[in-house]
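Visitor: Take a look at the letters that make up each chain.
There are 2 protein chains.
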Amino acid sequence: MPDAKTIRHQISIGEWCGTTVGRAGRHVQTGLVILPKAEAYDFLVFCQRNPQPCPLLEVTDPGCPTPQTLAPGADIRHEVGLYSVWRDGELVEEVTDIAPLWQDDFVAFFLGSSLTFLQALADAGCVSSVGVVLYKTNIMCKPAGRFAGPMVVTMQTLPAAKVARAVQVTSRFQATHGAPIHIGDPAAIGITDLAQTIGPAPPNGIPPGDVALFWACSVTPQTVAQASAIPFMITHSSGHGFVTDLKDHDLAVP
Amino acid sequence: MPDAKTIRHQISIGEWCGTTVGRAGRHVQTGLVILPKAEAYDFLVFCQRNPQPCPLLEVTDPGCPTPQTLAPGADIRHEVGLYSVWRDGELVEEVTDIAPLWQDDFVAFFLGSSLTFLQALADAGCVSSVGVVLYKTNIMCKPAGRFAGPMVVTMQTLPAAKVARAVQVTSRFQATHGAPIHIGDPAAIGITDLAQTIGPAPPNGIPPGDVALFWACSVTPQTVAQASAIPFMITHSSGHGFVTDLKDHDLAVP
Numbered sequence: 108m109p110d111a112k113t114i115r116h117q118i119s120i121g122e123w124c125g126t127t128v129g130r131a132g133r134h135v136q137t138g139l140v141i142l143p144k145a146e147a148y149d150f151l152v153f154c155q156r157n158p159q160p161c162p163l164l165e166v167t168d169p170g171c172p173t174p175q176t177l178a179p180g181a182d183i184r185h186e187v188g189l190y191s192v193w194r195d196g197e198l199v200e201e202v203t204d205i206a207p208l209w210q211d212d213f214v215a216f217f218l219g220s221s222l223t224f225l226q227a228l229a230d231a232g233c234v235s236s237v238g239v240v241l242y243k244t245n246i247m248c249k250p251a252g253r254f255a256g257p258m259v260v261t262m263q264t265l266p267a268a269k270v271a272r273a274v275q276v277t278s279r280f281q282a283t284h285g286a287p288i289h290i291g292d293p294a295a296i297g298i299t300d301l302a303q304t305i306g307p308a309p310p311n312g313i314p315p316g317d318v319a320l321f322w323a324c325s326v327t328p329q330t331v332a333q334a335s336a337i338p339f340m341i342t343h344s345s346g347h348g349f350v351t352d353l354k355d356h357d358l359a360v361p
Numbered sequence: 108m109p110d111a112k113t114i115r116h117q118i119s120i121g122e123w124c125g126t127t128v129g130r131a132g133r134h135v136q137t138g139l140v141i142l143p144k145a146e147a148y149d150f151l152v153f154c155q156r157n158p159q160p161c162p163l164l165e166v167t168d169p170g171c172p173t174p175q176t177l178a179p180g181a182d183i184r185h186e187v188g189l190y191s192v193w194r195d196g197e198l199v200e201e202v203t204d205i206a207p208l209w210q211d212d213f214v215a216f217f218l219g220s221s222l223t224f225l226q227a228l229a230d231a232g233c234v235s236s237v238g239v240v241l242y243k244t245n246i247m248c249k250p251a252g253r254f255a256g257p258m259v260v261t262m263q264t265l266p267a268a269k270v271a272r273a274v275q276v277t278s279r280f281q282a283t284h285g286a287p288i289h290i291g292d293p294a295a296i297g298i299t300d301l302a303q304t305i306g307p308a309p310p311n312g313i314p315p316g317d318v319a320l321f322w323a324c325s326v327t328p329q330t331v332a333q334a335s336a337i338p339f340m341i342t343h344s345s346g347h348g349f350v351t352d353l354k355d356h357d358l359a360v361p
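Taken in sequence, the protein lines are chains C and G.
According to our numbering, the first sequence holds residues 108 to 361 in order.
According to our numbering, the second sequence holds residues 108 to 361 in order.
Extracted from the complex, chain C is given alone in its bound form:
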């Protein structure tokens, strides 16, 4: 397992192929939201009001591309594998480097990602039968200024005997979404068609004997950008986390 700095370097020079799902060990991974300073206040309040989908681990000063606490020396313009660029709520392009788009008034927000606790879950024998699948729910986030919209979740399915253990393990990781927000029937949170995922890999239903668990997801701001027609936002693309220098135990509750 390369260290975080090496992973980020490989990403920045194009030597890292694909996502960071399950490939950064116990390093804390984050989602990314970049906004002009004029929109940053409302988004900060949005994060405060919605800590489950948006657990805010760091905010940069305007124009500064380095998260001083999570990854001193990193440059957020190059070190995420794939970025999504949103204009007026539409995904207009996906790019591997955002240096050409960077502005002096950009503020970067780093949101704890549930990619972080996959290793801890695996160590506890909790490995999803269907992988990690993203869905839009009918749970509305608390609005803040112009930011409003539905919560996105990750679904994993586990044998019933593993459900309690998965709750225990992830409860310790509040900073990366914490415990599930829902367990059981997908329809109860508005997921009526399991094939209607965000991103690829729709599952073949929930395996017999398995229970579905749903965690709040830091892809939520992207759905909020769509719902609220945010004029300009850059995010990570789903599955492409920012790999920080921190380990999961650095942020775990006792």
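It cannot be assumed that every hint is accurate.
For chains that are exact copies, the list does not tell them apart, and a pair is met inside one copy or across any two.
[As the list claims (entries may be wrong)] Only pairs whose alpha carbons sit at most 20 Å apart, straight line, appear in this in silico EDC-like list of lysine to aspartate or glutamate: (1) Lys112 - Asp195; (2) Lys249 - Asp357; (3) Lys354 - Asp317; (4) Lys144 - Asp195; (5) Lys144 - Asp168; (6) Lys269 - Glu200; (7) Lys144 - Asp212; (8) Lys269 - Asp195.
Just so you know, these hints were derived from the structure itself, not from any lab.
Given the coordinates of chain C, work out where chain G should sit on it, guided by the hints.
Guide: Same frame as chain C, but now just chain G:
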């Protein structure tokens, strides 16, 4: 024990005499910071960067005097027992009602207070020999915009045999400062004279056999206002918490 709404009503009509220290049971109490919207962004970032002294439980929309989550229907202009008014970093007055000062651009920040966990500590047999004493430390907060300055702590002293239990109990209450930030020698965090407290009641030293424990304190923004000469800020006065509808267990980690 009256309920939270009754306590707040008694405070608002002047029937509640004195502080809220140890007088609101297991209700979550908060510190209060009110700033004009123009200063609110920097303070939000300050809270994100300093979650131990500034665990932010709610932010109101500009001009709205009601914390919708913590106490629906409350009016923050009347329902704190004593307010401190700061201009250019100086404490200019203490008042029992801020309606005459209220402006449409005011944003209110509610910070979890360690007054909240005094009852849980008492239930665990952890009762400070010296009460709760406030000190300014030499620990500098992480700055954000114009907000910079030293951390304030509360000191309690306990028999050595109770120290581990006090850490365990308060670790569950991350939203109201969590575990101690220091245990032992006060001089190690810049407290060289135990008589130099913030507020009244200097202790007669640390009792023989006792150990001193220090928790981050939501009075910190007041010291930061002084250090940074913030143009205008209203806060609670030390010991006069805002009594919310929530109970401590509502915010405790598992």
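Visitor: Work down the list of hints and note, for each, if the structure agrees.
Guide: Outcome of the hint check:
1. In the homo-oligomer, the alpha carbons of Lys112 and Asp195 never lie at most 20 Å apart, since the shortest distance is 34 Å inside one protomer and 43 Å across protomers.
2. Proximity of Lys249 to Asp357 under the C-alpha cut-off of 20 Å is restricted to the inter-copy arrangement: shortest distance 18 Å between copies versus 29 Å within a copy.
3. Taking CA atoms no more than 20 Å apart as the test, Lys354 paired with Asp317 passes in neither setting, with 30 Å inside one copy and 35 Å between copies.
4. Only within a single protomer do Lys144 and Asp195 lie at most 20 Å apart by alpha-carbon distance; the minimum there is 16 Å, versus 26 Å between protomers.
5. Taking the shortest alpha-carbon separations for Lys144 and Asp168, both the intra-copy value of 9 Å and the inter-copy value of 18 Å come in at or below 20 Å.
6. Taking identical chains as interchangeable, the C-alpha atoms of Lys269 and Glu200 are never at most 20 Å apart, the minima being 39 Å within one chain and 58 Å between chains.
7. Taking CA atoms no more than 20 Å apart as the test, Lys144 paired with Asp212 passes in both settings, with 5 Å inside one copy and 19 Å between copies.
8. Proximity of Lys269 to Asp195 under the C-alpha cut-off of 20 Å is found in neither arrangement, the shortest distances being 42 Å within a copy and 57 Å between copies.
When each numbered hint is compared with the structure, violations occur for hints 1, 3, 6 and 8.
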